[in-house]
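**Q** What follows is each chain in one-letter form.
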Amino acid sequence: MAGMPGLEIQRRGEEEDIFDSTVHLEGSHFEQGFQDGFRDGVELGKVEGREVGLKTGFELGEEIGFFRGCVNIWNAVLQKDPSAFSARAQRNIRVFDQQLNNYPLKDPQDERLQDSLDSLRSKFRLIMSLLSIQLDYQGLAKVDHTEDSLF
Amino acid sequence: MDATAALPTSPSATKGVSLRLVQELEGHEDRVWGVAWRPCDGSSILASCSGDQTVRIWEHSSGSSPSSAAWVCKAVLDSSHNRTVRQISWSPNGNLLASASFDATIGMWEYVGNEFSFIASFEGHENEVKSVAWNSAGTLLATCSRDKSVWIWEVLPGHEFECVSVLNGHTQDVKMVLWHPSLDILVSTSYDNTIKIWTEEGDGDDWHCAQTLGPPGSGHTSTVWAASFNATGDCMVTCSDDLTLNIWDSSADLSSANDDDSAKWKHLATISGYHDRTIYSVNWSSLNDLIASGAGDDCIRIFSKSQDGDQEGSQSYELVQKHEKAHTADVNCVQWHPKNPRLLASAGDDGIVKIWEVVGDLPHV
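Line order of the protein sequences matches chains A and B. Position one of the first sequence corresponds to residue 1 (UniProt numbering), numbered consecutively onward. Position one of the second sequence corresponds to residue 1 (UniProt numbering), numbered consecutively onward.
Just chain B, same shape as in the assembly (with noise of 0.2 angstroms):
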C-alpha cells in the first residue's frame, strides 16, 4: 500500500513503449496468484487472490487518475477457503465475485452498497479448482480443476447455481477456463498439452469438445497456462511451459456442420524465443491490442501485432517491451484493465500485486 518510486525501465523497448510502476500493493501474506479488475463504470477496484487464502479488494480513491498511487486496501475477504485462492472472476455486471480454490469449492461475494458479504459455496470437483470464469452474458460459470473435469453451471434467480454438465476430455491437470468475448463458447488449457474448445449442441444441456488444439502437427508441446482473447474474440493467444506464445485464429463458427477447415479454429502464428522460463500468463488487451506476458523469469513481456508483413493467412508479433525484473520472484498474472488502455495489474510469487502504466505511443490508440 506504499507509493513507490518508478523503477528504471530495461532498455530493450523496440518502440519507445515502457513500463512505469504506479504502485505496489503489499498485503497478502503468500504468493498472489491472480487479479481481476472489476469490469465497469471506471473500474477502479481490483481484486486479488492467494496462497494466504484470502481475497483482497483493492480500490483507487476517487478524485485523482487510476495511473497515481492511490490504491489501498478496501476489504479482505477470507474464511471463504480454508486453502489457497487460485482464481477470481468477476461477473460482467461487477456484483459477484466467485473464487476458485485448492480446498476443491467455489467460493461466491456478493457485492451490493460498497459490501462484500459470502452468498454461496458449491462444491463438486473431487480435488483443486485451478480457475473460474463467467460467459459474456452473466449466465454461464466456468470451472476447471486438478481431477481433469471441467464443469459448467448456470446462474439461477436468487444466486442460485446449478450444475449444468461435468465435461470430461482432458486427460490431465485442467488449468484455466475461459469464455469467448461475445458467444458462449468455452475454451479449456491443461497440463496435457492441448486447449479444448467446448460448444452447447442442441439446446438441452448438452456440451461438447467441438475441437481440440495441439500436437501433432501445431499447437503447444507442453502445459499450456493460460489462454487470453482478442478484443472481438477473432483471435486467441494461448501461453505454455514450451516457452512460446500461440496465436489462433479462433473466427470460424464452431457450430457449422461441416467437418471441413472452414469449421475450425487454425493456427496462425508462434511466438518462440522472446521467453526462457515457462509463462504463466498472457493477457490481450480489448483496447491497445497489445499482449502482455508474465513468466517464469520474473518478466513481464508486451507483444505487439507487426505492421509489416501483413499478408493474408501469415501474422507476426514483435517484442516491444521486457520488463525485467517486475517481480522477485515469478509472475503468475498479469491483467489490462478493462477501460484504461495504459494500465496493467500483475501477481508475483512474492506476494505483491502491482499496477503499472504503459508510457509511450501506443499502437490502436
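One chain only, chain A, in its complex shape (with noise of 0.2 angstroms):
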C-alpha cells in the first residue's frame, strides 16, 4: 500500500541500514547526552552532597558542642558550690550530661540521630527554665518562626 515512507523503511529490512542512523539520529544524540549528563551530575552531586554534609555536620557538632560546653560550666558550678541548683536541676543536669555522651556522633547513618537531638533539646530547655535563665545562641536551631499565629 502506498502509505507513509517510514512504514516501508521498516519493511524493507536490512537494506535500510544507512538510513538507519539517520532515522535514530535523535535517540542516540539523546543516549549521548543522557550518558554525558549522568556522568557529570553524579560529579557535582558528590560535590554537593559533601558540602551538605559538611554543613550539616558542622551545625550538629556546633550544637553538641555548645551543650557540652555548658554541662561543663555547670558542673563546675557545682563543684564549687554543691547547693547552687536546685536538686531537680541536679538530677536533669546529670541525666543530660549521660544522654550527651550517648550521642551517636560518630555515625551519621544512626536511626537515633534526630530523635535524640530533640530529647537533648528539650532536656536543655528543661534546664534553662529551671536554672531560670534564657540563653540564646546563634547556633543553636530554632523553632519555625515563619508566622506567629493568629488562632
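Read the hints as simulated data drawn from the structure, not as lab findings. Please note that the accuracy of each hint is not assured.
[Said to hold, decoys possible] Listed next, with one range per pair, are the computed distances between beta-carbon atoms:
#1 S136/B <-> L113/A: 34 to 44 angstroms
#2 G273/B <-> Q109/A: 47 to 57 angstroms
#3 D249/B <-> R112/A: 33 to 43 angstroms
#4 D249/B <-> K55/A: 45 to 55 angstroms
#5 V47/A <-> T139/B: 54 to 64 angstroms
#6 K266/B <-> D118/A: 28 to 38 angstroms
#7 L183/B <-> N75/A: 36 to 46 angstroms
#8 R91/A <-> D30/B: 40 to 50 angstroms
#9 R112/A <-> S218/B: 22 to 32 angstroms
#10 R91/A <-> E324/B: 52 to 62 angstroms
#11 S218/B <-> G53/A: 38 to 48 angstroms
#12 S136/B <-> L54/A: 51 to 61 angstroms
[What the hints assert, rightly or not] A few chain B positions that, by computed beta-carbon distances, are all more than 12 angstroms from chain A:
#13 L21
#14 A70
#15 N95
#16 S182
#17 T270
#18 Q307
[Claimed, not checked] Partner residues aside, some chain B positions facing chain A, computed with beta carbon under 10 angstroms:
#19 F122
#20 E123
#21 H125
#22 S149
#23 W151
#24 E154
C-beta atoms are modelled at their ideal positions from N, C-alpha and C, and glycine is treated no differently.
Please dock the two separately framed chains into a single complex, following the hints provided.
**A** Structure representation (C-alpha cells):
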C-alpha cells in the first residue's frame, strides 16, 4: 500500500541500514547526552553532597559542643558550690550529661540521631527553665518562626 | 453587662431541653477565647479571656439565683500579657488563676480577700501558649504550645513553680491540655490529629506518652481542638475539625505493665453528621452528664447518651438541642457550671460571654 515513507522503510529490513543511523539520530544523540549528563551529575552531586554533609555535620557538632560547654560550666559551678542549683536541676543536668555522652556523634547513619537530638533539646530547655536562664545562642536550631499564629 | 430577654430557641429539641439566654456579658474588646467557672462554693465567679490581652472576672451578686441576669464585671486583669490570652484555668481551691498567652508566657494571679494580684509569669515555651490546666490535686500545672511541646510544672510552696518535664511527641501545634478528674494523667490534643495520653513512670519526674489516640483505625482525621472527661473520668469526649465528636473509654489503667488491649483506652463511639463546621470546644457536665459543643457555625449543641440500645461495648448519643446563632460568630468555648446543672457559659468570636440556662427535663438530675 502506498503508505508513509517510514512504513516502507521498516518493511525493507536490512537494506535500510544506511537510513537507520539517520532515523535513530535523535535517539543516539539523546543517549549520548544522557550518559554525559549523568556522569557530570554524579560528580556534581558528590560535591554538593559533601558540602551539605559538611554543613550539617558542622551545625550538629556546634550544637552538641554548645551543650557540652554548658554542662561543663554547670558542673564546675556545682563543684564550687553544691547547693547552687535545686535538686531537680542537678538531677536533670546529670541526665543531660549522660545523654550527651551517649549521643551517636560518630555515626551519621544512626537512626537515633534525630530523636536523641530532640530529646537533648527538650532536656536543655527544661534545665534552662529550672535555672531561670534564657540562652540565645546563634547556632542553636530554632523553631520555625515564619508567622505568629492567630488562633 | 446588660440583661437581655430570652431569645426564641430553634425547633430542633428532641427531648424538650432548650437553652434560655440568661445574660450577655459585654466588655471584651476582641474575640473571647475561653471561660472558666471558679470551682468552689456556689461558683458565682466566672473568668473570661480574650484577644484584647485581658482576663475579665464576672461576678454574680449574692442573694439572687445565678440564673438571673445579675452578673457584673468585677475586675479586668490586664498588664500581665502583651498578646492574646488564649485560655485561663482556676486552681482546684479557687485561689489561683493561670493564664496561657500567645506572648509565650503563662501568667499567675492570686485571688485573696476579694482582690486579684499578679504573682508570677513563667517562660519556657518558644512561642504561643495555647492551653493551661491544673491537675485535680492542684499540685501540677500543664501547658502546651505551638512549639509542639507539652510542659509539666510543679507547684511549690510560696507559689513557686518549677518545670518538671518538657514532653515532645506531637508533630504539630498542641491545642489543649487537660488532666483526668482524679488521677495524674494528662491528655493533650493537637493539630497533628492525635490525642496523646501522658503518665508518670516511676517516681522521678519521668513523664512519657503512654498512648496515642489517632489514625489508623479510629480517631480523628483532622485537628483535635478539645477534650473533656465525664464526672468519673472513665469516659472522654474529643472534638475536631473533622466535624465529629469521639467518645473514648478512658477507664483502663495505663500504668499497668500489660501491653494488650486491657491496658489501653479505646474508641467507643463517633458522633457525626450533626456539625457542619469545625467543633472548637466540647465540655462534659459532671452533674447532668450532657455534652455541650461549640462550633464554627455559631451554634451550641447539646448531646445526651441514648437511653435505648445500651448494649455492652456500644454506646450511642443523640442531639437533644441545637441552639442556632448562640453567638454571631464562632463559638470558641463552652463550659458547664461545676455546681449548678442547668448553667452553661460560652465565649464567642463576637467578643461576648454568654450565660445560658438549660430548660426542660434533665436526664440525670
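**Q** Double-check F122/B for me: the hint is only fine if its C-beta lies closer than 10 angstroms to a C-beta in chain A.
**A** Check passed: Cβ of F122/B comes within 8 angstroms of chain A, closer than 10 angstroms.
**Q** If you check the beta carbons of G273/B and Q109/A, does the distance land in 47 to 57 angstroms?
**A** 49 angstroms, holds
**Q** The output says L21/B does not contact chain A. Does that hold with a beta carbon cutoff of 12 angstroms?
**A** Given a closest Cβ separation of 26 angstroms, the condition holds.
**Q** Please check whether E123/B passes as an interface residue: C-beta within 10 angstroms of a C-beta belonging to chain A.
**A** 7 angstroms, holds
**Q** Go ahead and decide if the range 40 to 50 angstroms is satisfied by the Cβ distance of R91/A to D30/B.
**A** Given about 43 angstroms between the Cβ atoms, the range holds.
**Q** If I claimed the Cβ atoms of S136/B and L113/A lie 34 to 44 angstroms apart, would that claim hold in this structure?
**A** 39 angstroms, holds
**Q** Lying within 51 to 61 angstroms: is that true of the beta-carbon distance S136/B to L54/A?
**A** Between S136/B and L54/A, where Cβ atoms are some 53 angstroms apart, the hint holds.
**Q** If you check the beta carbons of D249/B and K55/A, does the distance land in 45 to 55 angstroms?
**A** 49 angstroms, holds
**Q** For the range 22 to 32 angstroms, tell me whether the beta carbons of R112/A and S218/B fit it or not.
**A** The hinted range 22 to 32 angstroms holds for R112/A and S218/B, with Cβ atoms some 30 angstroms apart.
**Q** Can you tell me whether the CB distance of K266/B to D118/A sits inside 28 to 38 angstroms?
**A** Distance hint for K266/B, D118/A holds at roughly 29 angstroms.
**Q** When you look at the beta carbon of T270/B, is every beta carbon of chain A farther off than 12 angstroms?
**A** 25 angstroms, holds
**Q** Could you say whether the range 33 to 43 angstroms given as a hint is met by the Cβ separation of D249/B and R112/A?
**A** This hint holds: roughly 34 angstroms between Cβ atoms.
Violation of the numbered hints given earlier is absent; every hint is satisfied by the structure.
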